[in-house]
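Below, each chain spelled out in residue letters.
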Amino acid sequence: MDQAEANEKIVEALQKKKGKTKFYFNDLAKILDMKPRVAKKLINKMVEDQILEYWSSGSTSLYGLKGAGKQAAADGEE
Amino acid sequence: MAKHKTPLLDQLETGPWPSFVSDIKRQAEFRKANQDKIDYQIPVDVCEDLLGVLELSFVHRRTHWKHGGIVGVFGYGGGVIGRYCDQPEMFPGVAHFHTLRVNQPGGKFYTTEYLRQLCDLWDFRGSGITNMHGSTGDIIFLGTQTDQLEEIFYELTHTLNQDLGGSGSNLRTPSDCIGQARCEWSCYDTQALCYDLTQEYQDELHRPAFPYKFKFKFDGCPNCCVASIARADISFVGTWKDDIRIDQEAVAAYVGGEFPPNGGAHAGRDWGPFDIRKEVIDLCPTECMRYEDGKLEINTPECTRCMHCINVMPRALRVGDDRGCSLLVGAKAPILDGAQMSTLLVPFIKVEEPYDEIKEVIENIWDWWMEEGKNRERLGELMKRQGMQKLLEVTGIKADARHVQEPRTNPYIFWKEEEVEGGFDRDINEFRKYHQR
Amino acid sequence: MAFVSSGYNPDKPMEDRITDIGPRKYDEFYPPVIKKNKGKWLYHEILEPGVLVHVSETGDEVYTVRAGGCRLMSVEHIREICEIADKHCDGHVRFTTRNNIEFMVDSKDKVEPLKQDLLSRKQEGGCYKFPIGGTGAGVTNIVHTQGWIHCHTPATDASGPVKATMDVLFDDFTDMRLPAQLRVSLACCLNMCGAVHCSDIAILGYHRKVPMLDHEYLDKMCEIPLAIAACPTAAIKPAKVELEDGTKVKSVALNVPRCMFCGNCYTMCPAMPIVDDVGDCIVIMAGGKVSNRISAPKFSKVVVAYFPNEVPRWDQTTACVKKMVDVYAKEARKYERLGEWAERIGWERFFEKCELEFTHHLIDDFRDPAYFTWRQTTQFKF
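Chains as they are written, first to last, in our numbering: chain A, 1 to 78; chain B, 1001 to 1437; chain C, 2001 to 2382.
It is worth saying that the hints were derived from the structure and are not from the lab. In this text, all values refer to a predicted model and were calculated from it rather than measured experimentally. Accuracy of the hints is not assured; some may be wrong.
Derived contacts from chain B toward chain A, CB cut-off under 7 angstroms, selection only [claimed, not checked]:
id, residue
1, Gly1069
2, Val1071
3, Gly1077
4, Gly1168
5, Arg1207
6, Ala1209
7, Asn1375
8, Ile1397
Think about it this way: if two alpha-carbon atoms lie no more than 20 angstroms apart in a straight line, the pair counts; the simulated EDC-like pairs of lysine to aspartate or glutamate are [to be verified]:
id, chain 1, residue 1, chain 2, residue 2
9, B, Lys1350, B, Asp1400
10, B, Lys1037, C, Glu2076
11, C, Lys2025, B, Glu1113
12, C, Lys2025, B, Glu1353
13, A, Lys41, B, Asp1203
14, C, Lys2122, C, Asp2106
15, A, Lys66, C, Glu2045
16, C, Lys2087, C, Glu2057
17, B, Lys1003, B, Glu1113
18, A, Lys35, B, Glu1377
19, C, Lys2301, C, Asp2277
20, A, Lys16, A, Asp33
21, C, Lys2025, B, Asp1293
22, A, Lys30, B, Glu1371
23, A, Lys16, A, Asp27
24, C, Lys2220, C, Glu2242
25, C, Lys2330, B, Glu1417
26, A, Lys35, A, Glu5
27, C, Lys2035, B, Asp1196
28, C, Lys2334, C, Glu2045
29, A, Lys35, B, Asp1086
30, C, Lys2334, B, Glu1287
31, C, Lys2025, B, Glu1352
32, B, Lys1390, B, Glu1352
33, A, Lys35, B, Glu1372
34, C, Lys2110, C, Glu2061
35, C, Lys2036, C, Glu2080
36, B, Lys1278, C, Glu2352
37, A, Lys41, B, Asp1367
38, C, Lys2035, B, Glu1258
39, A, Lys17, C, Glu2028
40, C, Lys2025, B, Asp1337
Don't be surprised by glycine CBs; every beta carbon is placed ideally from N, CA and C.
Okay, chain A solo, but in the shape it has when bound:
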């Protein structure tokens, strides 16, 4: 799977989820239907390209579309 296809699949799948904007890594790997260690490269790139962003509880990390979610604004401090 190339990067563009991965981007499209993930963005589409995440936009469809109602009321939920933060996802575990394995949720993303499942969308790509890939083994986690392989999916990681594509997902890392999506963060670098600012399509996805991280959110962390300190102990657990989550992924979301950039800017999405109720806590995004608060965390932006504005």
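Let chain A serve as the given structure and place chains B and C on it in line with the hints.
Leaving out everything else, chains B and C in the frame of chain A:
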């Protein structure tokens, strides 16, 4: 004059132990005086407001911090913990008060030159308050504002040749004991292995793709000074296979009272003269030692390397020559099913560069855990859920009596079809020829 | 203050970016005597509390003076450490895993001036800046978590009770009168960032009240599925709630008996605060260890279910810790760790000797392993 009155905290400025309150006040004064004319990048009174909010917590007996989802610098999913004060108007200096985790050097050795560089950076761009060190082992920079995070990272990487540590669902910053650098008991070079694996797995450390946190800790011997067996998903505990090296003359010197037992650790009380039988031979958990006619003998195959005799007589007994480490896996502290201790997986593995054998075990475990682990499930919990057998299967390690404390007490073995001759498919009609319905 | 750029360009975050370089390499920072003798050490000896000598097969010696420290440390304090290390140790210093500072010198005559220097430095209120000790059969520094200074779910402070406890245990930090080493740890909630679960004595913050539900704001501030997923016991479920003014909002409901007071929901959902002045308390655990010496590593056991958060000095907590240490010092055999002693005499005797009340809260009722901690023999002591 202090900005906030702190009558409760002030009561922690007496007594012999160092006072963190006095220390923070000192930093507050230092910032206020600003003799070096530093162009502080976060509020000058940050330390005063920190004391103020802490005093308020002492009054309310409740924290005044909120969590924030900030994770790191650009492209990193760990290394920063977001914090906000829930009384920002009262304490504007700490309204945003994020933490950075900075990956500590092995053995926590420093030059003052380097420590001062860290101090100068943190003074300039942060609160000037640190933890030396955090529980996992990192240097903790406690409290800065969001716009400083990238700046600090840029200076760390460009000027100090220094990276951040881990947080979140990452490989957490690995940490090691002092090891061979200054300990005669260390069975492998903990710092070398810790550093090599930290460098090898930088991507795992910075970009979260695990179900939850994952910790490596490196103990040079079974004394476990960094507590790897209690808190690491993979505990690397040094051990050896051959004879404990005995210097009989030194044994005699202990018996004769020339050398203090246990390296002098018990000098604060008169325990009477050293009694090798009572203090060493009789306390050996495997009874594998004999002391007769002034000669100490150890029946090596029966020894479980608990370190007691070596700890008591460090000048007479030394760890063997055939050294390596044991790998134990799955420890964790809190929640779900309660605390878990690490479980022995690899009784002995040589610790030699480039550590390929060790990396193979690690990566097999990760492949399994990343695929099968539920969200927020530690390795030890997955082991519990899917069984030790599964762990052995995915790592290709053969079951061994060393893997258990005792064999199972129930016979409820889940035989797999392929393990039973002829499989599970049977002909009911053939059976009925001999057995009526 | 004017913003001073490091050189980082926020419009092009990847420009000149350096990543994945890891920590500084350990051997850059070794003192010369360590570099030369690494892997060649023959033996060590504790010359007096807080002072060690390690002897190498090359004949070299390194003398270490161990000083206690607050893990919460200002850069001015670190600069003072640097000043001492420059003066006595050729610019080298290290820290231990238990927040002690180790100053190393390469000959014995350098030890005394170093010690004098360390002990002469006091804070304004008279506290030592660098108390010497923490070796051998004594109490070493407490490892701990953040508490009220930085954490969002603590059930107690960390630095405060640590200071209070170390003041009470100070004589055992500077002495070696105990039967074996005694490790005290503190974690400010049951998430145990500090992994206190295998300590001779553990001080643990614990919440006793379930989180509050800020219904009016919950759906605005939080993602409800995340709050639900955060709960380790599946005690949270989605719910429709009618506010006092009659408006209906999406929120959550709590299965109260299932709550184990971990605060994970609050981390994910700030509209579910858990901290409480009365509810939050201290739990005392005892008898754990990590060393494999003589007996296997063990978990600490809960010996006190509740002490209130008594600011500023946690009097009942520190008195209880001190009592346990003193009874252990008097009763245990040489080399016996606190947990080994308690197991030898029996926990019923431990409670009696330490004058602790045994209550129903101390009987395990958490999941399967609880059963194996109940007494299943006729062997017990009256």
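Can you name, in rising order, the numbers of the hints this structure does not satisfy? Violated: hints 8, 14, 15, 16, 17, 19, 21, 25, 29, 32, 35, 36, 38, 39, 40.
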